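Colleague: Generate the whole structure from the sequences, applying the supplied hints.
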Amino acid sequence: MWEKLVGTCSVPVKNKIDKEEIKKFALAIGEPLPIYIDEQFAKQSKHGRILAPPTFPRTLDFGEIKGMKLPSAGLIHGEQMYQYTRPLYEGEIIHGQCQLLACEKKQSRNGTMLLIKLKQTGFDEDENEIFTSIRTLIMTEKLLKEVCFDDSAK
Amino acid sequence: MIQQNSDVCSIDLPPITKEQLIRYAEASTDLNPIHMCDKKAIEYGLPGVIAHGMLTMAFMGRFFGKTIQNGGFIKEFHARFKSKVFVGDQLTVVAEKENSRKNAGETRFDTESSIERYTIRVINQNSEEIAIGYVDVYRML
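Protein chains in written order, with our numbering: chain A, 1 to 154; chain S, 1001 to 1141.
No wet-lab data here; the hints were simulated from the structure.
Note that this is a predicted model, so its numbers are computed, not measured.
In this text, a Cβ means the ideal position worked out from N, Cα and C, and glycines have one as well.
Hints are supplied without guarantee of correctness; some may be wrong.
[Stated by the list, open to error] Listed next, the stretches of chain S that the computed footprint assigns to chain A, with coverage defined by at least 3 CB atoms under 8 Å from CB atoms of chain A: (1) 1020-1026; (2) 1029-1037; (3) 1051-1060; (4) 1066-1078.
[Stated by the list, open to error] Quick list of the computed label-pair ranges, beta carbon to beta carbon: (5) S:1048 / A:111: 17 to 27 Å; (6) S:1039 / A:105: 26 to 36 Å; (7) S:1140 / A:123: 20 to 30 Å; (8) A:91 / S:1113: 16 to 26 Å; (9) S:1087 / A:111: 25 to 35 Å; (10) S:1087 / A:72: 15 to 25 Å; (11) A:128 / S:1042: 38 to 48 Å; (12) A:105 / S:1019: 33 to 43 Å; (13) S:1045 / A:126: 41 to 51 Å; (14) S:1039 / A:123: 36 to 46 Å; (15) A:72 / S:1083: 22 to 32 Å; (16) S:1128 / A:105: 25 to 35 Å.
[Claimed, not checked] Distance condition first, Cα-Cα at most 27 Å in a straight line; then the derived BS3-like pairs of lysine-lysine: (17) A:43 / A:142; (18) S:1102 / A:46; (19) S:1018 / A:142; (20) A:69 / A:105; (21) S:1040 / A:142; (22) A:119 / A:19; (23) S:1102 / A:117; (24) A:66 / A:19; (25) A:142 / S:1084; (26) A:46 / A:69; (27) S:1084 / A:24; (28) A:106 / A:66; (29) S:1102 / A:24; (30) A:117 / A:16; (31) A:14 / S:1082; (32) A:4 / A:105.
Modeller: And the structure:
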């Protein structure tokens, strides 16, 4: 379905790492550490400012791969990897870009599944790579049929 | 409750609530209705709403707060989601230190530091494996 798009990248999107978003996220994951939510504490720490929890990039925008519209409901998250060269700090500008790494059909006991592997990269303003996220998403047979029907009906 | 025994540490989490899933959905911007609406989840073949894999992954990162507050950070974090998490499930997260190595310029930070690898497992109240992964944490010495 989207196999032809493997290798395609999105147009990068600018994100600002907002300290209120970091706080909301830290509370939602049940980890309200001072380094995530207390500016005074963070200033006096070795980091010098508030930093984001390691799974925070989930909240950022990495753009869209042209021709590929992932369904907003039903996708299952199979696997996730984050790699950082340094922490993500509040206030900084990060350019997010995604790339389709793989898209393959697989047979399982539940029927046909589509495995989608996406790479999302965060760059700072000097184009240094700060983090990479690789996520594997699974589309079940039912969802696949719905999306294919939507695509062919256009 | 956090238990520690040499290089193994475990945390028992309180039961998953629907409110928690909705709060995480809003904070993470992952508004997939299978995490928030039972009716929608059932339409997709699930018995009810399931937790985001990423919420489970966030729980897996719980052991490193002190290291991070002391100037460290998580350098690499991997998780494979094996089973679903439902409202009411009680998860236990277990971290085991695998090894430690001197930071050989792998990060842009100073070299008086080490990188430690921990294997992390998440199990539910029925001892079913929910997720498995690892963390490489950069620790300042």
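Colleague: List, from low to high, the hint numbers that the structure doesn't satisfy.
Modeller: Structure breaks hints 17, 23, 24, 26, 29, 31.
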